[in-house]
Amino acid sequence: MLKFKDGKFKILAISDIHGVTDFDKRICPALGKLLDDVKPDFVFVLGDIFWDPQNDSYEGMKSFCDAFFAEIEKRNIYWSYVFGNHDSNEKSAYDQRPIYAQYEHCLYENSPEGVHGYSNYVLPVYNEAGDDIVYNIWALDTHDNVSDYCKYIGIPRETKWEHECTHPLSLRGECGGYDTLRFSQLMWYWNKSVELENKAGHKIPGLLGLHIPIPEYSLILRNTAHLYFDGISRENVGTGPINSGLFNCILERGDIKTIVAGHDHINDYTGKYYGVTLTYDGGLSYNGYCHDDIRGGRVFEIDENDAWNIRTYMARVSLDDNV
Numbered sequence: 001m002l003k004f005k006d007g008k009f010k011i012l013a014i015s016d017i018h019g020v021t022d023f024d025k026r027i028c029p030a031l032g033k034l035l036d037d038v039k040p041d042f043v044f045v046l047g048d049i050f051w052d053p054q055n056d057s058y059e060g061m062k063s064f065c066d067a068f069f070a071e072i073e074k075r076n077i078y079w080s081y082v083f084g085n086h087d088s089n090e091k092s093a094y095d096q097r098p099i100y101a102q103y104e105h106c107l108y109e110n111s112p113e114g115v116h117g118y119s120n121y122v123l124p125v126y127n128e129a130g131d132d133i134v135y136n137i138w139a140l141d142t143h144d145n146v147s148d149y150c151k152y153i154g155i156p157r158e159t160k161w162e163h164e165c166t167h168p169l170s171l172r173g174e175c176g177g178y179d180t181l182r183f184s185q186l187m188w189y190w191n192k193s194v195e196l197e198n199k200a201g202h203k204i205p206g207l208l209g210l211h212i213p214i215p216e217y218s219l220i221l222r223n224t225a226h227l228y229f230d231g232i233s234r235e236n237v238g239t240g241p242i243n244s245g246l247f248n249c250i251l252e253r254g255d256i257k258t259i260v261a262g263h264d265h266i267n268d269y270t271g272k273y274y275g276v277t278l279t280y281d282g283g284l285s286y287n288g289y290c291h292d293d294i295r296g297g298r299v300f301e302i303d304e305n306d307a308w309n310i311r312t313y314m315a316r317v318s319l320d321d322n323v
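In this text, residue positions in the sequence shown follow this note's numbering: the first is 1, and each later residue adds one.
Please note that a few of the clues may not be correct.
Claimed, not checked - Dumping the calculated DSBU-like pairs for lysine-lysine here, alpha-carbon to alpha-carbon at most 35 Å:
id, residue 1, residue 2
1, K8, K151
2, K257, K192
3, K8, K62
4, K5, K33
5, K151, K3
6, K10, K192
7, K33, K3
8, K199, K8
9, K33, K62
10, K257, K199
11, K8, K33
12, K62, K25
13, K74, K25
14, K199, K62
15, K5, K151
16, K5, K192
17, K74, K151
18, K199, K151
19, K74, K39
20, K257, K272
21, K39, K25
22, K5, K74
23, K25, K192
24, K62, K3
25, K39, K192
26, K39, K10
27, K257, K39
28, K25, K199
29, K39, K5
30, K151, K192
31, K192, K62
32, K39, K151
33, K33, K272
34, K10, K62
35, K62, K272
36, K203, K39
Treat the hints as calculated values from the structure; they're not laboratory data.
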């Protein structure tokens, strides 16, 4: 059970580890240093734990996880994760979930039946007494490539997805060929949010973690002066060409006030659009592309008495050359 302590709760979001069988050994001490600096109550791993699980062996994946997640486990910190486009189970030769399930502090939950994807769930954060939900941590699976969506809705291959669907000229430079959320996911979030509100008698503030940023992230860059832009943007927003309507769904429900994404390793900016904070967690990888000066994770500090207004900032990590 996640609980506030002395009226405070701290989340550390990290992503894009891109572990491989012969992984760069700096990643483990880097995570350990970050954890010791931040001292989070919960670590949210926002996808791309692996680089290429289709070709990695089960033993190789488990060996990496045992080394990496030991840094969290030995500090007795609770954690969970969402799937990224690189470690999507659709293209993995093995089901990764049993690996994570063996770790004592992993709180991951499988998606409810009928909801598309794997990592769709919500984790409540209770008050210190454990008898009232103060905050919710939401997770949604953003899948992999938009070609999977084309197959899902029955668009024939002859339509040349890469031109007509994936990269229409009007959007070139503003999106990639990434997937979109399914309506079953939006329905699940909506219905679960209503259920939690009805039980509590009021809306419960929350944060949503996902891997691929939603299209609204691009709008922050179009109007930095008025959308409270702060941070670093060094690459295009790696979103997809189809807007699922998730942001509108969140606005109408009114409980999620912060969205944090991974995926774009050298973006760590934050902005606010229609009252919702959109932010990145930067990148932590030594095996995928990442810039040393922004490597780290994003911190969220929540006050039990003012959970609608949370503080967020980037925590950087660097290692001595001899590590």
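Evaluation of the provided hints:
1. Between K8 and K151 the alpha-carbon distance is near 45 Å, which puts this suggested pair outside the 35 Å criterion.
2. At most 35 Å may separate the alpha-carbon atoms for a hinted pair to count; K257 and K192 meet this at roughly 16 Å.
3. Only pairs whose Cα atoms come within 35 Å are accepted, and K8 paired with K62 is accepted, the gap being roughly 34 Å.
4. Between K5 and K33 the alpha-carbon distance is near 22 Å, which keeps this suggested pair within the 35 Å criterion.
5. Among the hinted pairs, K151 with K3 is inconsistent with the structure: their alpha-carbon atoms are about 42 Å apart, more than 35 Å.
6. Between K10 and K192, the direct Cα distance comes to roughly 24 Å. Compliance with the 35 Å bound is thereby established for this hinted pair.
7. A distance of roughly 24 Å separates the Cα atoms of K33 and K3; the hinted pair therefore holds under the 35 Å criterion.
8. Taking the CA atoms of K199 and K8, the gap is about 23 Å. The hint holds against a cut of 35 Å.
9. A threshold of 35 Å between alpha carbons decides the hint, and for K33 with K62 the separation of about 22 Å falls inside it, so the pair holds.
10. Taken as a hint, the K257 and K199 pair is honoured in the structure, with Cα atoms around 20 Å apart against an allowance of 35 Å.
11. Taken as a hint, the K8 and K33 pair is honoured in the structure, with Cα atoms around 22 Å apart against an allowance of 35 Å.
12. Simply put, K62 and K25 have alpha-carbon atoms about 15 Å apart, close enough for the 35 Å limit, and the pair holds.
13. For the hint linking K74 to K25, the alpha-carbon distance of about 18 Å falls within 35 Å, and the restraint holds.
14. Among the hinted pairs, K199 with K62 is inconsistent with the structure: their alpha-carbon atoms are about 39 Å apart, more than 35 Å.
15. A C-alpha spacing of about 47 Å is found between K5 and K151, which places the hinted pair above 35 Å, so the restraint is violated.
16. Straight-line distance between C-alpha atoms of K5 and K192 comes to about 26 Å, which keeps the hinted pair within the 35 Å bound.
17. For the given pair, K74 sits about 43 Å from K151 by alpha-carbon distance, which is inconsistent with the 35 Å threshold.
18. Taken as a hint, the K199 and K151 pair is broken in the structure, with Cα atoms around 38 Å apart against an allowance of 35 Å.
19. Annotation: proposed proximity of K74 to K39 holds, straight-line Cα distance about 13 Å (limit 35 Å).
20. Note on K257 and K272: the hinted pairing holds, with a Cα-Cα distance of about 9 Å set against a maximum of 35 Å.
21. With a CA separation close to 22 Å, the supplied pair K39 and K25 stays within the 35 Å bound.
22. Proposed proximity of K5 and K74 is supported: the alpha carbons are some 20 Å apart, at most 35 Å.
23. The suggested pairing of K25 with K192 is violated, with an alpha-carbon distance near 40 Å, which exceeds 35 Å.
24. As the CA atoms of K62 and K3 are separated by approximately 30 Å, the hinted pair is consistent with the 35 Å bound.
25. Taken as a hint, the K39 and K192 pair is honoured in the structure, with Cα atoms around 30 Å apart against an allowance of 35 Å.
26. Restraint check for K39 and K10: satisfied, since their Cα atoms lie roughly 8 Å apart, inside the 35 Å limit.
27. A C-alpha spacing of about 23 Å is found between K257 and K39, which places the hinted pair at or below 35 Å, so the restraint holds.
28. Proposed proximity of K25 and K199 is contradicted: the alpha carbons are some 46 Å apart, above 35 Å.
29. With a C-alpha separation of about 13 Å, the suggested pair K39 and K5 falls inside the 35 Å cut-off, and the hint holds.
30. This hinted pair checks out: K151 and K192 have alpha carbons roughly 28 Å apart, not beyond 35 Å.
31. Of the pairs offered as hints, the one joining K192 and K62 holds, with about 33 Å between alpha carbons and a cut-off of 35 Å not exceeded.
32. Distance check on the hinted pair: K39 and K151 sit about 44 Å apart at the alpha-carbon level, beyond 35 Å; violated.
33. Under the criterion of a C-alpha separation no larger than 35 Å, the hint pairing K33 with K272 is consistent with the structure, at around 30 Å.
34. A distance of roughly 28 Å separates the Cα atoms of K10 and K62; the hinted pair therefore holds under the 35 Å criterion.
35. Using a Cα cut-off of 35 Å, the hinted pair K62 and K272 is violated, with the two alpha carbons roughly 38 Å apart.
36. A distance of roughly 28 Å separates the Cα atoms of K203 and K39; the hinted pair therefore holds under the 35 Å criterion.
Hint compliance for this structure: hints 1, 5, 14, 15, 17, 18, 23, 28, 32 and 35 are broken, all remaining hints hold.
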